[in-house]
Amino acid sequence: MSTSTVSTTINGDAVQFACPTDESLLDAIRNRVGLTGVKEGCGTGDCGACSITMDGRLVCSCLVLGVEANGRAIETVEGMADGDQLHPLQEKFIEHAALQCGICTPGFLIAARVLLERNPDPTEKEIRYALAGNLCRCTGYDKIVRAVQAAAKEMRKASKKRTRK
Amino acid sequence: MRQDTKFTNQNFRVIGSRVNRPDGMDKVTGRARYGADYDAPGQLVGLFLRSPHAHARIVSMDISRAEKLAGVKAIITADDLPDLTNGNREMLDILENSMARGRALYDGHAVAAVAASDVKTARKALKLIKVEYEQLPHVTDVDEAMQPDAPVIHDWIFTQGVNPTPKKPSNVCNRTEMGHGDVDAGFARAAHIIEKSYKTEQTHQGYIEPHACVASMGPDGSGELWVTTQGHFAYRNVCAELLGLDIAKLKVTSSEIGGGFGGKTHVWAEPIALALSRKANRPVKVVMTRDEVFRATGPASSTSIDVKIGVTKKGRIIAASAELRYADGAFPGPWAILGAMTSFACYDLKNVKTVGYDVICNRPKVAAYRAPSAPMAAFAIESTVDLAAAAVGMDAVDFRIKNAAKKGTLSSYGVTYGPIGIGPTLDAAKNHPHMKAKLKKNQGRGMACGFWFNFGGQTCSTINIAADGTVNLSVGTIDVGGSRASLSLIAAEELGIPYEHVKASVADTASLGHNDMTDGSRGTFSSGMATIVAARRAIEVMKERAAAMWDIPVDKVDWKDGHAVAKGKKNSKLAPLSLKEIAENSPNTGGPIAGHNEFVADGAGVSFASHLCDVEVDPETGATRIVRYTVIQDAGKAIHPDYVEGQFQGGAAQGIGWALNEEYIYGEDGRLQNPGFLDYRIPVCSDLPFIDTQILEIPNPDHPYGVRGVGETSIVPPLAAIGNAISNAVGLRMTHVPMSPPRILAALEAGE
Amino acid sequence: MRVEIATSNLRAAADGCSHVHLEATNIRGLYADLVRQYPAFEKLVRKGIAVAINGRIFQDDWTAPIPADAELVLLPYIEGG
Numbered sequence: 001m002s003t004s005t006v007s008t009t010i011n012g013d014a015v016q017f018a019c020p021t022d023e024s025l026l027d028a029i030r031n032r033v034g035l036t037g038v039k040e041g042c043g044t045g046d047c048g049a050c051s052i053t054m055d056g057r058l059v060c061s062c063l064v065l066g067v068e069a070n071g072r073a074i075e076t077v078e079g080m081a082d083g084d085q086l087h088p089l090q091e092k093f094i095e096h097a098a099l100q101c102g103i104c105t106p107g108f109l110i111a112a113r114v115l116l117e118r119n120p121d122p123t124e125k126e127i128r129y130a131l132a133g134n135l136c137r138c139t140g141y142d143k144i145v146r147a148v149q150a151a152a153k154e155m156r157k158a159s160k161k162r163t164r165k
Numbered sequence: 001m002r003q004d005t006k007f008t009n010q011n012f013r014v015i016g017s018r019v020n021r022p023d024g025m026d027k028v029t030g031r032a033r034y035g036a037d038y039d040a041p042g043q044l045v046g047l048f049l050r051s052p053h054a055h056a057r058i059v060s061m062d063i064s065r066a067e068k069l070a071g072v073k074a075i076i077t078a079d080d081l082p083d084l085t086n087g088n089r090e091m092l093d094i095l096e097n098s099m100a101r102g103r104a105l106y107d108g109h110a111v112a113a114v115a116a117s118d119v120k121t122a123r124k125a126l127k128l129i130k131v132e133y134e135q136l137p138h139v140t141d142v143d144e145a146m147q148p149d150a151p152v153i154h155d156w157i158f159t160q161g162v163n164p165t166p167k168k169p170s171n172v173c174n175r176t177e178m179g180h181g182d183v184d185a186g187f188a189r190a191a192h193i194i195e196k197s198y199k200t201e202q203t204h205q206g207y208i209e210p211h212a213c214v215a216s217m218g219p220d221g222s223g224e225l226w227v228t229t230q231g232h233f234a235y236r237n238v239c240a241e242l243l244g245l246d247i248a249k250l251k252v253t254s255s256e257i258g259g260g261f262g263g264k265t266h267v268w269a270e271p272i273a274l275a276l277s278r279k280a281n282r283p284v285k286v287v288m289t290r291d292e293v294f295r296a297t298g299p300a301s302s303t304s305i306d307v308k309i310g311v312t313k314k315g316r317i318i319a320a321s322a323e324l325r326y327a328d329g330a331f332p333g334p335w336a337i338l339g340a341m342t343s344f345a346c347y348d349l350k351n352v353k354t355v356g357y358d359v360i361c362n363r364p365k366v367a368a369y370r371a372p373s374a375p376m377a378a379f380a381i382e383s384t385v386d387l388a389a390a391a392v393g394m395d396a397v398d399f400r401i402k403n404a405a406k407k408g409t410l411s412s413y414g415v416t417y418g419p420i421g422i423g424p425t426l427d428a429a430k431n432h433p434h435m436k437a438k439l440k441k442n443q444g445r446g447m448a449c450g451f452w453f454n455f456g457g458q459t460c461s462t463i464n465i466a467a468d469g470t471v472n473l474s475v476g477t478i479d480v481g482g483s484r485a486s487l488s489l490i491a492a493e494e495l496g497i498p499y500e501h502v503k504a505s506v507a508d509t510a511s512l513g514h515n516d517m518t519d520g521s522r523g524t525f526s527s528g529m530a531t532i533v534a535a536r537r538a539i540e541v542m543k544e545r546a547a548a549m550w551d552i553p554v555d556k557v558d559w560k561d562g563h564a565v566a567k568g569k570k571n572s573k574l575a576p577l578s579l580k581e582i583a584e585n586s587p588n589t590g591g592p593i594a595g596h597n598e599f600v601a602d603g604a605g606v607s608f609a610s611h612l613c614d615v616e617v618d619p620e621t622g623a624t625r626i627v628r629y630t631v632i633q634d635a636g637k638a639i640h641p642d643y644v645e646g647q648f649q650g651g652a653a654q655g656i657g658w659a660l661n662e663e664y665i666y667g668e669d670g671r672l673q674n675p676g677f678l679d680y681r682i683p684v685c686s687d688l689p690f691i692d693t694q695i696l697e698i699p700n701p702d703h704p705y706g707v708r709g710v711g712e713t714s715i716v717p718p719l720a721a722i723g724n725a726i727s728n729a730v731g732l733r734m735t736h737v738p739m740s741p742p743r744i745l746a747a748l749e750a751g752e
Numbered sequence: 001m002r003v004e005i006a007t008s009n010l011r012a013a014a015d016g017c018s019h020v021h022l023e024a025t026n027i028r029g030l031y032a033d034l035v036r037q038y039p040a041f042e043k044l045v046r047k048g049i050a051v052a053i054n055g056r057i058f059q060d061d062w063t064a065p066i067p068a069d070a071e072l073v074l075l076p077y078i079e080g081g
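Chains as they are written, first to last, in my numbering: chain A, 1 to 165; chain B, 1 to 752; chain C, 1 to 81.
Among the hints, erroneous ones may be present.
[Claimed, not checked] Straight-line distance between alpha carbons at most 16 Å, and here's what the computed EDC-like set of lysine to aspartate or glutamate pairs gives:
| id | chain 1 | residue 1 | chain 2 | residue 2 |
| --- | --- | --- | --- | --- |
| 1 | A | Lys125 | B | Asp687 |
| 2 | A | Lys160 | A | Glu117 |
| 3 | B | Lys573 | B | Asp558 |
| 4 | B | Lys350 | B | Asp182 |
| 5 | B | Lys440 | B | Asp182 |
| 6 | B | Lys127 | B | Asp62 |
| 7 | B | Lys407 | C | Glu71 |
| 8 | B | Lys120 | A | Asp22 |
| 9 | B | Lys120 | A | Asp27 |
| 10 | B | Lys436 | B | Asp149 |
| 11 | B | Lys436 | B | Asp395 |
| 12 | B | Lys569 | B | Asp555 |
| 13 | C | Lys47 | B | Glu90 |
| 14 | C | Lys47 | B | Asp618 |
| 15 | B | Lys441 | B | Asp618 |
| 16 | B | Lys308 | B | Glu195 |
| 17 | B | Lys567 | B | Asp551 |
| 18 | B | Lys124 | B | Asp62 |
| 19 | B | Lys314 | B | Asp398 |
| 20 | B | Lys168 | B | Asp149 |
| 21 | C | Lys43 | B | Glu90 |
[Said to hold, decoys possible] Derived list of chain A stretches under chain B, where covered just means 3 residues or more per stretch with a C-beta under 8 Å from a C-beta of chain B:
| id | segment |
| --- | --- |
| 22 | 5 to 15 |
| 23 | 44 to 53 |
Simulated from the structure, these hints should not be mistaken for laboratory data.
Predicted model, so just to flag it, every value in this text is computed and none were measured.
Think of the CB as a built atom: it goes at the ideal place given N, C-alpha and C, for glycine as much as any other residue.
Work the whole structure out from these sequences, hints included.
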């Protein structure tokens, strides 16, 4: 298997790495770029712990090849906060105790952000289906859904303020 | 030294508040480091070769070609692991489970391990290892394994607990009977007798983080292990014993843990990772795949249970008995004993008898799973209790209230209860708004109760007070569900400082004395007690320091609200000294200020729960949807209510998965057919409603704050609550868990 | 003092009796007297057993005092998840 050089953007930063052409993007991000906030729970696209966005689209990075990242824009949990300002989802996950062990949290945050970018005012059902690709074994999802609802509300308030200005 | 841990009904300042957890920031930003998120310079990749057979003799193994492959640095087989257990069969079982010794005992049993410079080389090396197997007859079903003609898996197992001990080996490793009164006499006087048999399939804890570690050992016998675990001290002791190391020379650091639920109380690959590292003299990183996690770690027992309950006309249970058969997997365990002990613990019974059989079969070695063994027993008993209530025409809740255990009841496992919460949870259930919610077509409501012991165990905590008055709390119990938050609250409460001034960490094994694992719902209970005492000892030191600063005798110093206060008229002009002021002066009053405590935290309070559940069964597909779910549980005292609720909700969700979908499916060939999250389906977000919770606080008399463990009981009632709800929805008594769509559909069709 | 034995396996070590009479002021003494009278318990005590004193289960700490009129029950050593 040959090795390929990949030029990509991760969380706004230009990144280059060389990886074998059969290596998953998950392994490349974790082992070559060193961003270990992206987690492996299954390696088969069933648990969502490795969720990232690629050109804005939610994907399981274990099901994407590293070489496919070439020329794309990747976003991971490490890029969610704006400097010292947490993303509202990150804040609400902490406030609402929406994490216990926290291994699934990066994936949930990314999936929830994609949902709220597309649908700023989702119903409970829409939240539950949007997050159905992410497994959590600790919380029973109750506090996760509540945290997403609270973050959505806050983001709507903030965006209203912005439009008024 | 024994210390006083009696409940004192004190008023709290910060206990019971919903503060942000200290590890939250790291966990929402991706900075938190779990088992697989650590690397050592020069590390190798460790991979395992596993048996594809359910039961096979390893006729020969040739590793010579793999050894010669460039980049391969070490290969470990059973030949590299001499038995150093000195006749301790349980330890030898752990070693043999880590690496097969002449025989593979289940599909996925490790037979060899490789450490190589990269993953590709390691994979190639595994392929070059030639194993010649002679397949042996296998058995995976618990009832079949008990048959006289079943293949006997171990020739050294002679059923214990029967008199005389059999002369022939069998798969039944243990028979345990307990109870009191005379059940035969009781049944003879019963107006109605209900008898029913049940089966439950094997489930896995299903933590999202696979087992992972980095082992680093030198030929000098010193080593380090970074690992995801529920008990780094236990891992250290077990690994040291299996590998012949000095315990103190192996330093184990626990990573953040991505879920455990009992499955990370046992070592699996860790001793082998250390052995590989020792042989290669290089660090070795081992990260299991999900397939390996399912095939070779964890699971809970599959079971087969018979229940008999006799009731009087007036609805009193006059006799109750159960026979419980639990599959332990390839090695003996205490699982049926726990099932037998917990079976009827919720009830006040004059005549009760339970018999448990622990049974060996060709499945992975069973590990603890949240209130281990109790959910299956509760499924069988609580299903039958509903039938008994129906037989006398009583409401399911009223029937349970009438028969519930209370203070002074001789429990089914032989101990007389102190103050307990089963009655109050049932009263709360009866009055809960959930009971009044309207049910639609194909919907039904069910309820069930559950019990778990909760544990204490060896515990050791240290408080160090920094020069600016902020506080380091070092604990030795792994934080699996938010215990750093609750323990910080406890330290803040005792010291009289804000919660934000406390920084709690889980110390490594070189920095703190031995702590038992975070299991048995003991984390906040026992480390909480150690923290209380450690804080009180630090306060004693601070009183001495204040006395020195004031130049008065220490017996003239009191501690109040985070301040040293001078007593007596003579000292009335001395303004109170804050913890911060005392800390700032500590270099000149005797050096650093610390408080420490080590003890055995016995006296964990038993815990009870009642769950209410509404389901809707789709008659076309047999699929069951949870419409409404309510958990009512006695927490003793909720230190951090958010994380108590989190335990209630998480346990309920696991129970719901167990009840409706989760099961190990073995083929005729004895191989696991669904070792992945696609086919072993745990509940997803869209499967569940909000899970309502009600925390009751009936203080544990043996904890200063009244804390009982809360982590486990919530998984006990769901199987039965859902089974009862399904029965009320479609008039079918499901006796086989999971009550998956095909099983319900088959039952519906058979019913018609 | 009378000590109940909760399970059949433990009873087997006491010649099948459901209770035994032991003299002790703490758990260590209780186990010592138990092993003295019923040597089959030696292995079990070493492996780990538990005793409930007035309903409170002690698994590890052998220093706990035993009040004169306490309810005493020998139990298997239990583990959790």
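Hints, one by one, checked against the model:
At roughly 10 Å between alpha-carbon atoms, Lys125(A) and Asp687(B) fall within 16 Å of each other, so this suggested pair holds. Of the pairs offered as hints, the one joining Lys160(A) and Glu117(A) holds, with about 15 Å between alpha carbons and a cut-off of 16 Å not exceeded. At roughly 15 Å between alpha-carbon atoms, Lys573(B) and Asp558(B) fall within 16 Å of each other, so this suggested pair holds. Distance check on the hinted pair: Lys350(B) and Asp182(B) sit about 8 Å apart at the alpha-carbon level, within 16 Å; holds.
Of the supplied pair hints, the one linking Lys440(B) and Asp182(B) is violated, its CA atoms being roughly 44 Å apart against a limit of 16 Å. Note on Lys127(B) and Asp62(B): the hinted pairing holds, with a Cα-Cα distance of about 11 Å set against a maximum of 16 Å. Note on Lys407(B) and Glu71(C): the hinted pairing holds, with a Cα-Cα distance of about 14 Å set against a maximum of 16 Å. A distance of roughly 11 Å separates the Cα atoms of Lys120(B) and Asp22(A); the hinted pair therefore holds under the 16 Å criterion.
Among the hinted pairs, Lys120(B) with Asp27(A) is consistent with the structure: their alpha-carbon atoms are about 13 Å apart, no more than 16 Å. Only pairs whose Cα atoms come within 16 Å are accepted, and Lys436(B) paired with Asp149(B) is rejected, the gap being roughly 53 Å. Straight-line distance between C-alpha atoms of Lys436(B) and Asp395(B) comes to about 14 Å, which keeps the hinted pair within the 16 Å bound. With a CA separation close to 14 Å, the supplied pair Lys569(B) and Asp555(B) stays within the 16 Å bound.
With a C-alpha separation of about 10 Å, the suggested pairing of Lys47(C) with Glu90(B) holds against the 16 Å cut-off. The straight-line distance between the Cα atoms of Lys47(C) and Asp618(B) is roughly 51 Å, outside the 16 Å bound, and the hint therefore fails. This hinted pair checks out: Lys441(B) and Asp618(B) have alpha carbons roughly 10 Å apart, not beyond 16 Å. Taken as a hint, the Lys308(B) and Glu195(B) pair is honoured in the structure, with Cα atoms around 4 Å apart against an allowance of 16 Å.
Between Lys567(B) and Asp551(B) the CA atoms are separated by roughly 13 Å; this keeps the pair inside 16 Å, and the hint holds. For the proposed pair Lys124(B) and Asp62(B), the alpha carbon gap of about 14 Å is at most 16 Å, so the pair holds. Of the supplied pair hints, the one linking Lys314(B) and Asp398(B) holds, its CA atoms being roughly 12 Å apart against a limit of 16 Å. Under the criterion of a C-alpha separation no larger than 16 Å, the hint pairing Lys168(B) with Asp149(B) is consistent with the structure, at around 12 Å.
Of the supplied pair hints, the one linking Lys43(C) and Glu90(B) holds, its CA atoms being roughly 13 Å apart against a limit of 16 Å. With 0 residues carrying a beta carbon less than 8 Å from a beta carbon of chain B, the segment 5 to 15 of chain A misses the three-residue requirement, and the given coverage is violated. Chain B is given as covering the segment 44 to 53 of chain A, and this holds because 4 residues of the stretch bring a CB closer than 8 Å to a CB of that chain, at least three being needed.
This entry does not satisfy hints 5, 10, 14 and 22, going by the numbered hints stated previously.
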